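K.L.:
Below are the chains, spelled out letter by letter.
Protein chains: 2
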Amino acid sequence: MPWGRVTGSMSYPKVDVVFDMGNPFLNRTVDGFLKIGAVGASKVAAEETYHCIKRGGLSKGKVEDALSKMCKEGFYWGTVAGVYVGMEHGMERIRGTRDWKNAMLGGAITGALISTASNNGRDKIVAHAISGAAVATAAEFLNYLT
Amino acid sequence: MPWGRVTGSMSYPKVDVVFDMGNPFLNRTVDGFLKIGAVGASKVAAEETYHCIKRGGLSKGKVEDALSKMCKEGFYWGTVAGVYVGMEHGMERIRGTRDWKNAMLGGAITGALISTASNNGRDKIVAHAISGAAVATAAEFLNYLT
Numbered sequence: 003m004p005w006g007r008v009t010g011s012m013s014y015p016k017v018d019v020v021f022d023m024g025n026p027f028l029n030r031t032v033d034g035f036l037k038i039g040a041v042g043a044s045k046v047a048a049e050e051t052y053h054c055i056k057r058g059g060l061s062k063g064k065v066e067d068a069l070s071k072m073c074k075e076g077f078y079w080g081t082v083a084g085v086y087v088g089m090e091h092g093m094e095r096i097r098g099t100r101d102w103k104n105a106m107l108g109g110a111i112t113g114a115l116i117s118t119a120s121n122n123g124r125d126k127i128v129a130h131a132i133s134g135a136a137v138a139t140a141a142e143f144l145n146y147l148t
Numbered sequence: 003m004p005w006g007r008v009t010g011s012m013s014y015p016k017v018d019v020v021f022d023m024g025n026p027f028l029n030r031t032v033d034g035f036l037k038i039g040a041v042g043a044s045k046v047a048a049e050e051t052y053h054c055i056k057r058g059g060l061s062k063g064k065v066e067d068a069l070s071k072m073c074k075e076g077f078y079w080g081t082v083a084g085v086y087v088g089m090e091h092g093m094e095r096i097r098g099t100r101d102w103k104n105a106m107l108g109g110a111i112t113g114a115l116i117s118t119a120s121n122n123g124r125d126k127i128v129a130h131a132i133s134g135a136a137v138a139t140a141a142e143f144l145n146y147l148t
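In order, the protein sequence lines correspond to chains L and H.
Per the numbering used here, residue 3 is the first one in the first sequence, and the count goes up by one each step.
Per the numbering used here, residue 3 is the first one in the second sequence, and the count goes up by one each step.
Fair warning: there could be bad hints in the mix.
A pair holds if it fits inside one copy or across any two, identical chains being indistinguishable in the list.
In the DSS-like style, the derived pairs of lysine-lysine whose C-alpha atoms are separated by at most 27 Å in a straight line are [unchecked claim]:
no.: 1; residue 1: 62; residue 2: 126
no.: 2; residue 1: 126; residue 2: 103
no.: 3; residue 1: 103; residue 2: 62
no.: 4; residue 1: 56; residue 2: 74
no.: 5; residue 1: 103; residue 2: 71
In case anyone wonders, no lab produced these hints; they're calculated from the structure.
Just so you know, these numbers come straight off a predicted model, no measurement behind them.
With the hints as extra help, turn the sequences into a complete structure.
P.N.:
Okay, structure coming up:
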């Protein structure tokens, strides 16, 4: 693990069904949001650094612009990852098994949710759900391969 | 594992360095190509099925068109995955450790290679390398989270 866990897990009592269901779900979502959000922000930082080196010069406006882009992209990556991690965990709970189908279903729901939140039409939502499912399945398979 | 291993591993002698280096590398690459290629092809199949259901009617031309798209996209996804798996494995061999930096470096090299193969300019190659590194790192982090 590159970073330590940011979200501490509460010592919830096993009797309380709501806590048992709700808390690991929230923990993972926040964890996913922070970690993948950081990756998204780093990507923009790397891109902006390359552009600055190439064009030369560094003004206050450029730095502010880069920071704003980092926040936006980091937030977007984080949201997608948080929703996906939560959905994948939810699928595992509902289906009761751990396999690549959880990733596929989680990816499909994430794609559809993010697309719905962006006010897309039905066709686009379906396309994004299919893409989400495919990307999540591919990422899951790559786990086993690498 | 959803499918059985397609590539059998030869019982290579440990004395031969070339075989020891070369073979698992090739095995993984072919494995990645076939599995992720199949995911890419399935994605197109799902998309085309949705379009057919929506618009109705199924002609010979449409099926041929869908099959051609499946082959193209499957080949593209497979190539990216094959190169990535090979590169990630290569990084592991060179660096001697297993961590998220292998994924990052493997993703960056894959992005740059695929971009170079598509005859892109230097700026695009750098952009694709950064994107590849970010996506691979994010996928690696998601492993730990899900």
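K.L.:
Now tell me, hint by hint, if it's right for this structure.
P.N.:
Against the structure, the hints come out as follows:
1. 62 / 126: between (38 Å within a copy, 26 Å between copies)
2. 126 / 103: within (22 Å within a copy, 35 Å between copies)
3. 103 / 62: For residue 103 and residue 62, the Cα distance exceeds 27 Å both inside one copy (48 Å) and across copies (32 Å).
4. 56 / 74: within (23 Å within a copy, 35 Å between copies)
5. 103 / 71: Answer is between; shortest inter-copy Cα gap is 24 Å, intra-copy 34 Å.
Hint 3 alone, counting from the list given before, is not met by this structure.
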